[in-house]
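Trainee: One line per chain: the protein sequences are A and B, in this order. Per numbering that gives the first Met the number 0, the first sequence starts with residue 0, numbered consecutively. Per numbering that gives the first Met the number 0, the second sequence starts with residue 0, numbered consecutively.
Any given hint could be a false lead.
Stated by the list, open to error - Result set (DSSO-like, lysine-lysine): computed pairs, CA atoms no more than 30 Å apart in a straight line: (1) Lys17/B with Lys70/B; (2) Lys11/B with Lys64/B; (3) Lys70/B with Lys11/B; (4) Lys17/B with Lys68/B; (5) Lys11/B with Lys84/A; (6) Lys64/B with Lys84/A; (7) Lys68/B with Lys55/B; (8) Lys55/B with Lys84/A; (9) Lys55/B with Lys17/B; (10) Lys70/B with Lys55/B; (11) Lys84/A with Lys17/B; (12) Lys11/B with Lys68/B.
These are computed hints drawn from the structure, not numbers from a lab.
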Amino acid sequence: MSCAFEEDLTAYVDGELPPPHRARVEAHLGTCAACQGTERLLRVTVARMAELPAFTPSPSARRELLARVDALPPTWRERLAHLLKPGVLVPSAGLATAAVLALLVAGRARVEAPGLEEWDAGALEVAANLELVEDYEVLGLDSSDDLEVVENLHELGVQ
Amino acid sequence: MDWDPDTQAMLKVAAGDKQAFAWLFDQHHASVARFAFRFVGDRARAEELTQDIFVKLYRHARSYKPTAKFKTFLFRVATNHCLNEMRRGEYRVARLTAEAPAEDDAGAVEMPGPDGERPDQALSGRELEAAVGAALGDLSDRERAAFTMCRFEGMAYRDIAEALEASEAAVKSLIHRATLAVARRIEALQAGAVPARSRA
Chain A
0 MSCAFEEDLT
10 AYVDGELPPP
20 HRARVEAHLG
30 TCAACQGTER
40 LLRVTVARMA
50 ELPAFTPSPS
60 ARRELLARVD
70 ALPPTWRERL
80 AHLLKPGVLV
90 PSAGLATAAV
100 LALLVAGRAR
110 VEAPGLEEWD
120 AGALEVAANL
130 ELVEDYEVLG
140 LDSSDDLEVV
150 ENLHELGVQ
Chain B
0 MDWDPDTQAM
10 LKVAAGDKQA
20 FAWLFDQHHA
30 SVARFAFRFV
40 GDRARAEELT
50 QDIFVKLYRH
60 ARSYKPTAKF
70 KTFLFRVATN
80 HCLNEMRRGE
90 YRVARLTAEA
100 PAEDDAGAVE
110 MPGPDGERPD
120 QALSGRELEA
130 AVGAALGDLS
140 DRERAAFTMC
150 RFEGMAYRDI
160 AEALEASEAA
170 VKSLIHRATL
180 AVARRIEALQ
190 AGAVPARSRA
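Bound-form chain A, shown alone (with noise of 0.2 Å):
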């Protein structure tokens, strides 16, 4: 059976017992030389460890990586911003104004067409929102970061 003292052994060698429980294993070392003779092990081993051969990655690692980094998808954020510029956000409007008159036309509903300053946010809206789940499944979700953009969709100033 170990000593009760046994697991508190590695983290005296490594310095990392506070100095009240330091103490106490110190004082215990001198008495139990089942502890001793641990201790002297885990010791040696730790300094073994400096003497292992190094592990040297490959030079070629850091171009490879910035290529990888470069050939990256644009993040939500990016595209977000990019759809959001006036220069891409005016034709998305109109393209996405086009868009509901024709459904409208198309589904022969008696509604009136709103006027332009009633309905444009929610144009834009829909345009951002076209765009959104075009991407969607090419670039999937995979950071709580992603589903919080298009939770606060609704809270990003699109007017």
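Put chain B on the given structure of chain A with help from the hints.
Mentor: Structure of chain B alone, referenced to chain A:
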């Protein structure tokens, strides 16, 4: 606020600065590669994992909150990635395959023995490597992660606890069990009780 250089660089990465990312890679690449190597026991796979870890770091830079040391954050990403890879099971065999001593071991560095140890008991560098690799392969994933961060990166127990999202008491226990297992393995090898690699 005055951040340390790593944190400053990471905040720049969060703002899309690829030069800052390259700088961070230069600073920490070797550490992450060492960690991944000790984790999976396979050099080629360790290189792939290291690349994946840094890509993940770049992609999730915006989630970084400069409340912890950057290295702790980095090793949390690295540990989670390695653990996920191991749980897939695809690399389970590779991690158990520590590099065995070569037949021609003439070029190996003789390890200095501790006081009182006879010279003929000293292990070569390759034998030691194989013994440590085999012992690490027998540990649990968390023991191996804690041991690697402590022994090869010199991280404090508190930082390891943060990286593993565990308590310091748990980390103390993980590191003790791992260190003792490695110690016993080396001891047995020196006594001629087991070959450096008992599991192929």
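Trainee: The structure should be examined with respect to each hint, and the outcome stated for every one.
Mentor: Structure-based check of all given hints:
Note on Lys17/B and Lys70/B: the hinted pairing holds, with a Cα-Cα distance of about 19 Å set against a maximum of 30 Å. Annotation: proposed proximity of Lys11/B to Lys64/B holds, straight-line Cα distance about 12 Å (limit 30 Å). Straight-line distance between C-alpha atoms of Lys70/B and Lys11/B comes to about 16 Å, which keeps the hinted pair within the 30 Å bound. With a C-alpha separation of about 21 Å, the suggested pair Lys17/B and Lys68/B falls inside the 30 Å cut-off, and the hint holds.
Annotation: proposed proximity of Lys11/B to Lys84/A holds, straight-line Cα distance about 23 Å (limit 30 Å). Distance restraint check for Lys64/B and Lys84/A: the Cα-Cα separation of roughly 28 Å lies within the 30 Å cut-off, and the hinted pair is therefore satisfied. Of the pairs offered as hints, the one joining Lys68/B and Lys55/B holds, with about 18 Å between alpha carbons and a cut-off of 30 Å not exceeded. Distance check on the hinted pair: Lys55/B and Lys84/A sit about 28 Å apart at the alpha-carbon level, within 30 Å; holds.
A C-alpha spacing of about 14 Å is found between Lys55/B and Lys17/B, which places the hinted pair at or below 30 Å, so the restraint holds. About 15 Å separates the Cα atoms of Lys70/B and Lys55/B, which keeps this hinted pair within 30 Å; it holds. A hinted pair counts as satisfied when its Cα atoms are at most 30 Å apart, and Lys84/A with Lys17/B qualifies at roughly 23 Å. Using a Cα cut-off of 30 Å, the hinted pair Lys11/B and Lys68/B holds, with the two alpha carbons roughly 16 Å apart.
In summary, this structure violates none of the numbered hints.
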